Amino acid sequence: MTTVSMTLNGKKVSAPVEDRTLLVHYIREAQGLTGTHVGCDTSQCGACVVHVNGKAVKSCTMLAVQAGDADVTTVEGLANGAELHPVQAAFREHHGLQCGFCTPGMIMTAVDMIERHGASLDEKTVRHELEGNICRCTGYQNIVKAILAASDQMAAMKTAAE
Amino acid sequence: MYETSYHRAGSVADAAALMAKAEDGKFLSGGQTLIPTMKQRLAAPSDLVDLMGIAEMTGISDEGSAIKIGAATTHHEVATSPVVSEGIPGLASLAAGIGDPAVRHMGTLGGSISNNDPAADYPAALVALGATVTTSKRSLSADEFFVGMFETALEEDEIVTSVSFPKPSQSAYAKYPNPASRYAMAGVFVAKMSGGDVRVAVTGAGQDGVFRVAEMETALSSNWSAEAVAGVSVDAGDLLADIHGSAEYRANLVTVMAKRAVAAAG
Amino acid sequence: MGVDGIGARALRKEDKRFITGKGRYTDDMVLPRMAYAAFVRSPHAHAKVTGIDASAALAMPGVDAVLTGEQLVGDGIGNLICGWMVHSKDGSPMNMGAWRALEPEIVRHVGQAVAVVIADTQAQARDAADAVIVDYDELPAIVDAVAAMEAGAPQLHPEASNNLIYDWEIGDEAATNAAFEQAAHVTRMDIHNNRLVPNPMEPRAAVADYNDAEEHYTLYTTSQNPHVARLVLSAFYNVAPENKLRVIAPDVGGGFGSKIFIYPEEIVALWASKRVGRPVKWVSDRTEAFLTDAHGRDHKSHAELALDADNKIIGFRVQTVANLGAYMSLFSSSVPTYLYATLLSGQYDIPAIHANVKAVYTNTTPVDAYRGAGRPEATFLVERMMETAAREVGLSPAEFRRKNFVRSFPHQTPVIMCYDAGDYDATLDAALKAIDHDGFPARKAEAASRGKLRGMGLSCYIEACGIAPSAAVGSLGAGVGLWESAEVRVNPVGSIEVLTGSHSHGQGHETTFAQLISERFGLDTDSVNIVHGDTDKVQFGMGTYGSRSGAVGMSAIVKALDKVEAKAKKIAAHLMEAAEGDIQIEGGELKVAGTDKKLSFTEVALAAYTAHNLPEGMEPGLKEGAFYDPTNFTFPAGTYACEVEIDPDTGKTEIVNFVAADDFGKIINPMIVEGQVHGGLTQGIGQALLENAAYDESGQLVTGSYMDYTMPRADDVPSYQLLTTETICPGNPLGMKGCGEAGAIGSPPAVINAITDAINNNDLSMPATPERVWQASRAGLQQAAE
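Residue numbers (full-length UniProt numbering), protein chains in the order written: chain E, 1 to 162; chain B, 1 to 266; chain L, 1 to 786.
Keep in mind that the hints were calculated from the coordinates and are not lab data. Source: prediction; values computed, not measured. Check each hint, because a few of them may be wrong.
[As the list claims (entries may be wrong)] DSSO-like, lysine-lysine: derived pairs with alpha carbons at most 27 angstroms apart:
(1) Lys145/E <-> Lys666/L
(2) Lys403/L <-> Lys452/L
(3) Lys537/L <-> Lys244/L
(4) Lys444/L <-> Lys433/L
(5) Lys403/L <-> Lys124/E
(6) Lys452/L <-> Lys124/E
(7) Lys433/L <-> Lys145/E
(8) Lys68/B <-> Lys55/E
(9) Lys274/L <-> Lys312/L
Work out the full structure: start from the sequences and follow the hints.
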């Protein structure tokens, strides 16, 4: 057992866990944040994507101890109080989710994607960048639409702020 | 996953010392293959020695005729490095095509080549570019380093610390991915070195991991064009076959990917 | 939110919890003193269990119990059953073998559970499950359904000789054979419909909680139909009487059929919870899902289509072998019979049809309904035959179909179904126009100039949805009625709760159903809550599958709303001293026609509950329930047009354009309907190009993870062009037909027809993987050259 401490959604947290505990189980069970999901056991579906030190990673393919002292953000930490993150809002606006199970990982992947590509995203790039996230409900079309819309909106917000 | 003990190493020496103490330890360098393997209970190391925090093993440096990349450098860092994109564009595009964005944020060069998965991408680049692998104990040529499927020349406690890639005059990598796993079914790295030496390395298709195709190298040495390799095929008898592709199909893909790589290299 | 009625693209009420990580799925439930279950599963496809040694496991940290099949049978837990009786053509009932939730004697597929470990943590339970030593005597296994019927094949169940479950037929054999004797042309094909794994992204899970003081169980589970689960768990598995069992299906992460059925794991979790005196949680991992979630499809068919000299279809003859796997899952028998062969008439006027279906046991995972369930298999067969026949007789595939369309309604087919309404020319015309069918030759030539092969394929599908008229399905062997229930509770402040027996696991019922109430009473959708998925709240219901929740589930709501409206009008008339017939409901108010007298909906609701001034003899309250039993199936239909471009060097297929023109009848929320079609199309394209549950000869699933089973990803599919036409379904009050399965039903033949067109070779089976297309295109080029 190791006491693993990290900053989770801006809050210092700590819990003793076995070294084999995956980050996703630390988040879900030790910290009770159940928005991050497990959809496969081969690191392919992306339902577990969170941000560690600002980068999207698969929390099912990382030990909690590896994230010791890191800054971790989950889907629960994305909104600014009652104000949804633009990507969250776009998923709703464009019907980018149905059963909702892959959605948190999709949203975390999308935020990371937009941060890396800025306004240069196009449909082909978005589809390629979603290689590590599987959705069985939506056929991806509205997810792609939502990500492109959010990317445009975030670029506009950035321009407005400058 | 079976229980294990995790150790974060601060230096290469520290990592070697931690490994020496472990009963049946493994180095962890990103873990994008090792952790899934442990989750399936196909690996059960008593100890994990994490190399990701070792400063001396990270970073990308331009050394004139070569680019040196620390073994703990992530695929994302290689893919987005201006030094790599300018010096060895084929290597940057190869790194940009490994796994998916989240995997590229964690997976490392050293982890990939130490595992030597026959469908991994990096081995093709190392072999085609004639890279030199530096370990905690010695330096090896890529040809010496890769021994066979999931086998390298590394000893139990030996750590890859960096890889030095000579800059080619032209290089490119073309991969045909397995539709399910997205690993390479056939990945071909072509490189024309500044001295005119041409090397062609294939990953994903060979039963013993990465291999070179002498006939393509000869053909390209005299005529650097896609047409030069169009008529060259590899022997299907030495290739992998599975539900996604017969050896015959993979042999075809090797030729097609070689053509595309040469065309992309310009 | 505002007032969003029928036809509005209302954003979903349920989304906020999902996009903020506040969904509540079964695996999110944590109960005090909860233990975890891990199953010990067979690594063999067929073997005798000769001994189970749990001593090492029991000694491991945190382990509470190791339970086996012997104990389960000893405690009187019943066998799993198939709830739809199908009779063979000789009149004998289907041959159902025994299926126990934990198998004490003979395992019949890889992954079948023989024991369960209950421990304090999931990791401890899994560690201990690995330490349970099971001795097996391996038996020969059989995975191919046709081979399983041959003499000398390994036998799975003593009840089913030659592994034959039933030998069933439909249609008039003599009339069909007579038609073939008159035929000017006969098209013949052997067609395999590949086995699929449903793969909802949320794996199955169960949390069972037994309260010994109350002798009462609560089960949280990933179910599409919690009431049916409770019924079956009570009536057949003897877990507990219904009043002692509450089943809750909270947020459920997709189903696609696979979460209709009751599986061994839920039964064991309930039983184990009583045995160990603690709540027990089981969560499937993806590997277990591949091995134990009911698979879909897996048909091998031979089909023959007879044409007269004018290219009119005069007869259709089909022989199908359906692989049902090692056991008969809950509705497995109905899928290759009443949900399949009844659709073999397609959109066409075919005077004589005969189909023979043999269902067979094999040492593979059980097969049951998966999105479309039987109708994709029928559509693939019919539409591959139509395209092929058109090519053979030299007609354009569109023209050949048009020549044979059903044009007058109602239309009685020779295979039970009576089509109530449709306009098949309308969807065909719309699809051809949208895909620019006329411009295709030029695009094909342009692609050829780049060394690429282009092809165009059509599929004119029809399906039977709105499952189903209870008496009709009862006469065909169904063990349950397939009506739906609803209860509309108007609260004293005028807000409304609608309790429905339908279950939403991605379909957006919380929004669509609320739109119906919003339309009816002019109320804000925010003041309407849809309650579902809990047997303690909703009295009864049949759940969600077969595109039934609109046509059947909403019709039940309409009936309940009719009663609420009638009572509200009576109260309003009484309070405003007007005639009941003069009361109109508009914009959230009850008005007296032709006057300025009005009461708000809230005022009327409050009056119903204060009961100070109600009409003589009226009961207080404003709450009404209804059961709706449909009078017929509904018949969504449409045309899908697919254009592909193939790289002959690698065999990779790119779908460059895909048009879906659907007639779903009345649509409540177009945004949600489009989402359903996108998802269905992607699953259908997955079947056509990517997905395949493949077994080796020893019965090992070789595509048992996402490393080998190709799930459609974002870069595998295009953005689709969707169109709708509308003929109103006369069978239900809203005129709805259903949209949940159409995409998965209609798309596979469109894709394969397009590829075979591109490569000039009709011999191509699903999934059309790059290698298969590469091989077939080389053969096609050779044929073209000869």
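Now the hints, each set against the structure:
Between Lys145/E and Lys666/L the alpha-carbon distance is near 26 angstroms, which keeps this suggested pair within the 27 angstroms criterion. Of the pairs offered as hints, the one joining Lys403/L and Lys452/L is violated, with about 32 angstroms between alpha carbons and a cut-off of 27 angstroms exceeded. Under the criterion of a C-alpha separation no larger than 27 angstroms, the hint pairing Lys537/L with Lys244/L is consistent with the structure, at around 14 angstroms. For the proposed pair Lys444/L and Lys433/L, the alpha carbon gap of about 17 angstroms is at most 27 angstroms, so the pair holds.
Between Lys403/L and Lys124/E, the direct Cα distance comes to roughly 40 angstroms. Violation of the 27 angstroms bound is thereby established for this hinted pair. Proximity of Lys452/L to Lys124/E is assessed by CA-CA distance (about 20 angstroms); at most 27 angstroms being required, the pair is judged to hold. Of the pairs offered as hints, the one joining Lys433/L and Lys145/E holds, with about 25 angstroms between alpha carbons and a cut-off of 27 angstroms not exceeded. The suggested pairing of Lys68/B with Lys55/E holds, with an alpha-carbon distance near 24 angstroms, which does not exceed 27 angstroms.
In summary, the hint linking Lys274/L to Lys312/L is not supported, as the alpha carbons are separated by about 64 angstroms, beyond the 27 angstroms threshold.
Figure legend: structure checked against the earlier numbered hints; hints not met, in rising order: 2, 5, 9.
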